[in-house]
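So the sequence lines, in the order shown, correspond to chains A, B and C. First residue of the first sequence: 11, per this note's numbering; consecutive thereafter. First residue of the second sequence: 2, per this note's numbering; consecutive thereafter. First residue of the third sequence: 2, per this note's numbering; consecutive thereafter.
Read the hints as simulated data drawn from the structure, not as lab findings. A hint or two may mislead.
[Claimed, not checked] Residues of chain A placed beyond 10 Å of chain C at every Cβ, according to the derived structure:
#	residue
1	13
2	78
3	96
4	254
[As the list claims (entries may be wrong)] Listed next, the in silico SDA-like pairs over lysine to any residue satisfying Cα-Cα at most 25 Å (straight line):
#	chain 1	residue 1	chain 2	residue 2
5	A	71	A	106
6	A	49	B	7
7	A	49	C	563
8	A	71	B	57
9	C	78	C	215
10	A	49	B	127
11	C	452	B	127
12	A	30	B	20
13	A	230	A	251
14	C	563	C	655
15	B	57	A	78
16	B	73	B	158
[To be verified] To give an idea of the chain C side of the interface with chain B (calculated C-beta under 10 Å), a few residues:
#	residue
17	17
18	255
19	279
20	281
21	682
22	684
Cβ coordinates follow ideal geometry from the N, Cα and C atoms, glycine included.
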Amino acid sequence: MYDFAYHRPKSLADALALLKGKPEGRVMSGGMTLIPTLKQRLAKPSDVVDLAGVKELAGIKVEGNNVVIGGMTRHADVATSADVKGAIPALAYLAGHIGDPQVRNRGTIGGSIANNDPAADYPAAVVALNATVTTNTGKHAADSFFKGLFETALGEGELVTSVSFPKAEKAAYMKFPNPASRYAMVGVFVAKTAGGVRVAVTGAGPSVFRVKAMEDALAKNFSSAAIKDIKIPADGLNSDIHGSAEYRAHLVGVMARRAVDAANK
Amino acid sequence: MTISVAMTVNGKSVSGKVEARTLLVQFLREHLGMTGTHVGCDTSQCGACVVHVDGKSVKSCTMLAVQAEGSKVITIEGLAESADKLHPMQESFRENHALQCGFCTPGMVMSAIDMVKRHNYQLDEATVRRELEGNLCRCTGYHNIVKAILAAAPAMKSAGV
Amino acid sequence: MTAATGIGARVLRTEDKRFLTGTGRYVDDLPLARATHAYFLRSPHAHAKIKSIDTAAAKKMPGVVEIFTGKDTADAKVGGLICGWVVKGKDGQPHKSPPHPVMALDTVRYVGDTVAMVVANTADEAKDAAEAIKVDYDVKSANIDLARALDKGIPEVHPEAPGNLIYDWEIGVKADIDAAFAKAAHVTKLDLVNNRLIPNAMEPRAAAADYDKGTGNYTLWSTSQNPHVLRLILSAFVLGIPEHKLRVIAPDVGGGFGSKIFCYNEETMVTWAASRVGRPIKWTAERSESFMTDAHGRDHVTHAGLALDKDGKFLALRVDTIANMGAYLSTFSTAVPTYLYATLLAGQYTTPLIYANVRAALTHTAPVDAYRGAGRPEATFVIESLVSKAAAEMKIDAAELRRKNFIPSTAFPYQTPVALQYDSGNYPPIIDEAMKIADYKGFEARRAEAKSRGKLRGIGFSSYIEACGLGPSRVIGQLGGGVGQWESAQIKFNPTGNVQILTGAHSHGQSHETTFAQIVSDKLGVPIEAIEVVHGDTATTPFGMGSYGSRSLAVGGSAIMKAADKIIAKGKKIAAHLMEASVADVVFEQGTFKVAGTDKAVPLGAAVFAAYVPHNYPLEELEPGMDENAFYDPSNFVYPAGTQICEVEIDPDTGTVEVVAHTAVDDFGNIINPMIVDGQVHGGIVQGVGQALMENAVYDKATGQLVSGSYMDYTMPRADNVPSFKLGNKVTPCPHNPLGVKGCGEAGAIAAPAAVMNAVHNALAPLGVKHVEMPATPLNVWQSIQGAQPAAAE
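For reference, chain A alone in the conformation it holds in the complex (with noise of 0.2 Å):
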């Protein structure tokens, strides 16, 4: 790891004043992917500024249909907190089964999706349940929210403050984790909520994307038997030792059609 300068702000305010002019500033909220990527000497960042002193960035709240997750908001407190449960289970079993407990400790769903690792999980759920990303300058739709690898909306010194995830009817998700290093080969989120049915995939492609064929057939039916014959194309889907892009085009199917299976439950 290269050395930097450290900072802990108190507040949101403090935290952007930290930032302002530092190009290579770099924004720590829990550390799992930013921490790994300094070991390997793969940035180097003039200086980290840590959010966890940030009090009003965590916590997780109920407001009328949505449930609102602070961007320092904990894996591991997503996953055990009986709002979340209560409105959206799917949302805390996915909590549940990012990493490993001791990572689900530290990461934050700000992070998460502001890193937008192709094979992380939360994005699944932000773009399925059609939630809306706060920040210190405003909103986005999901669908805007994630852009391609590792690329997002997010503009310079803009910051997830919360994520705000409408209720689902019926949600799940279904992650294929790669064998070796746990993260999603494949995760299938779906919903159906009140703005209809959302297919959102992690892990095969480059980012987070949609299966409007999958959507269109389970608006009309929710059922595995809807989307069996839908076949995923694997063109431009990832493809390394653990899984080629026509394996993975497989995968999004079967857990597509396991997680209607376990959402109708």
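We have chain A already, so just place chains B and C on it with the hints.
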């Protein structure tokens, strides 16, 4: 950047000057000489470095020392009540031969205690195996580790720890 | 007194307390005043010429003490690393021995090959400086694909080994085999890859060295399985430091599995550089370095055939193997695919004719050497895969076909056609017991139940044999081994009656501190709390060969028995003197010397005290003191055997294989501590399951980059990948060592891969899947299913 850091480790106040890049595990091992916490990988996977920070199990190789500023840290060295009285989890690991080379053991024990508490002292085999996702062992084949944790859960409950 | 702590008792481990309380002391834990830290700059290329190395800028970086390159070591005439086992090929010539410099001179030959050593005040500073070293490489095309390594036109790794061939070796008579195959009623053929593995002991390799200017003494702390052998190699071949001036200490070592047997360049370099730097130097591998540079294991490409008569009797076995050596020959590398592999191809069977041809090939990859089982897992995989395949082809029950061909218990000692003479064994009761524990009869019902859940269930057998407990020195010498293969022991009583056992074996998880103490507690009647086992330090323990090849108990334990016999013999003389009796009348029972038929008795402790305070002592005929040495050289290998039965369930939609049950029944001869033995089997099984289903060292075939270079891509078995295991045991004591013991350290890993893969094939057979290579990952299994059902894939 050199920073002063202070925290409580196993009930004792400690402090030191570290570089910002110093990991918590480096602080424990190199600054405090507490070498019971091990480093077995560089990708946050193996769990040999697990300690408790403010009551939660974390990988001390994936946390900066400065992030633990003001925290209460418990390591493997801080578990036994005395030289003769091991923590029920330590005792159970011994009773069940849940360690061989001993290298993964500190992290295993720290994760195991955390898991038992989070599950309110009630665990089954499948849960224990899933909860050990973040801890690798190359010697035991996990068989006796699982056995030890299952046996320790009621023992911890009755000991009130 | 000793029943609870003696031979056969489930004694809790002495070593546990320090490991459980964080007070174990591994190499990286050692506090060394004024220590510097080393970082090794490694080649990012599989094959390149080094045009230049510029360290000028790096030397000016903060904290840098010194930087060394291959030129420095060459100028200082540092010797190369050695391969300690000479294998003679078909042509009668010793194997090719290309040089293995401690740091690359003008060529790098694998990703991870060492280019420079930076010594700095901190590890971070050393790493910072290494980034400032400028190396100009001329990148060449690389030879990565083992199957093609010996083909014409493939880039050569070393000019000293034309065509990348290290040796072309054979055992058996080819003409006889060809004739047997020609007239066989059935021939089963198999082409397979024994996948390359990375050992992954949880403690990464580490080394620290100090040089004392005043005495000229060096001390090296190393994560070694065999500190004396390491010292011998460093002294005699590499560094030229006299053995008595080099102390090697292997303190607590966090697992080895073979990978810490060998002499590596990093420990060599820190020792060499310590005297130049004038301060201690410490190096600890990062895990990614371990992946790149620890000696890897297995890696064979094999074509094999089994000839059977119409009733399923084995007539002949033919095996052709290319074994990967990597880019340099590691310490034991040449022996693994020959003497530890081909000589095991008889398995548990009476196969009368066996021929094996093994060619060892160089590639631009990390060195390959012994890894848990070393050759024997590869042999077992060939045999047991063939046998199960033959059973399926001939529609004979897999257990029945094995039974039909087992060496009968009356045939021991049994001379195999591949050099080994099995000393003892009784195989049918083992498989019977395994089938009982595994409820073989109930399998079809379980298969049907699984099918109702959409799962494909399969069952697989693996009946293994291994030769371990290396080994008779004379035989090892005849086979080209460069060292003796005895073990040493010293039993040292203190005047107050407590005991130190000093052993040349080394424990890095094997529990010697407990097992060896049990032997002495049992034999001499000393309470186990009064016994301390000392190992791992060349300055305090007698010269020993260390621990590998499941030899510690069979050879090291036997040495302890011999030393204990000497203690008793001396004690008898002292007791006879004290009791005024004839030595011939003195017996030793439960820790006390007695004169038969009288009530005269002298406890061992009293004899010991008399030996140290010899006021009433036969000084004219007996030396004072109670401290006995023994060396034990076995007369044969030991031959543990067993059967494993694995049951898997496969999810045909995803290709995921789940091991749902795994049974192992072993014959390890007499057992000292069943708890410890079971633990060894558990761990071995999981390493075998790992090989079968998960682990794979993958190099990019074009660039030679190690794709599976971290736990993000190298699939380590985790707790939720395996079930709890069902174990059983049968005992035929080893007839030629005093404890009647066989080795147990490697058996699990030797047998498991075939059991798992036979179960996978059994499960997939209904889909028409013919062959799945290891590891049977979800992707691999899914693709095999698609391949078998091209219509269904659309």
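These are the hints, each one checked on the structure:
1. 13: Violated, because the least Cβ-Cβ distance between residue 13 (chain A) and chain C comes to about 8 Å, which does not exceed 10 Å.
2. 78: About 33 Å separates residue 78 (chain A) from the closest Cβ of chain C, which puts it past 10 Å; holds.
3. 96: About 28 Å separates residue 96 (chain A) from the closest Cβ of chain C, which puts it past 10 Å; holds.
4. 254: violated, 7 Å
5. A:71 / A:106: Holds: residue 71 (chain A) and residue 106 (chain A) sit about 18 Å apart, inside 25 Å.
6. A:49 / B:7: Holds, at about 23 Å.
7. A:49 / C:563: Status violated; Cα separation ~52 Å.
8. A:71 / B:57: holds, 23 Å
9. C:78 / C:215: This hinted pair holds, its Cα atoms lying about 23 Å apart.
10. A:49 / B:127: Roughly 33 Å between the alpha carbons, so the hint for residue 49 (chain A) and residue 127 (chain B) is violated.
11. C:452 / B:127: Holds. Residue 452 (chain C) to residue 127 (chain B) sits at ~22 Å (cutoff 25 Å).
12. A:30 / B:20: It holds: about 23 Å lies between the C-alpha atoms, which stays within 25 Å.
13. A:230 / A:251: Violated - the C-alpha atoms of residue 251 (chain A) and residue 230 (chain A) are around 37 Å apart, more than 25 Å.
14. C:563 / C:655: At roughly 57 Å apart (the allowed maximum being 25 Å), residue 655 (chain C) and residue 563 (chain C) break the hint.
15. B:57 / A:78: With a Cα-Cα distance of about 24 Å, the restraint between residue 57 (chain B) and residue 78 (chain A) holds, given a limit of 25 Å.
16. B:73 / B:158: holds, 22 Å
17. 17: With a closest approach of 4 Å, the residue 17 (chain C) hint holds.
18. 255: holds, 3 Å
19. 279: violated, 22 Å
20. 281: violated, 15 Å
21. 682: For residue 682 (chain C), the interface hint holds, since the closest Cβ of chain B sits about 8 Å away, which is under 10 Å.
22. 684: holds, 4 Å
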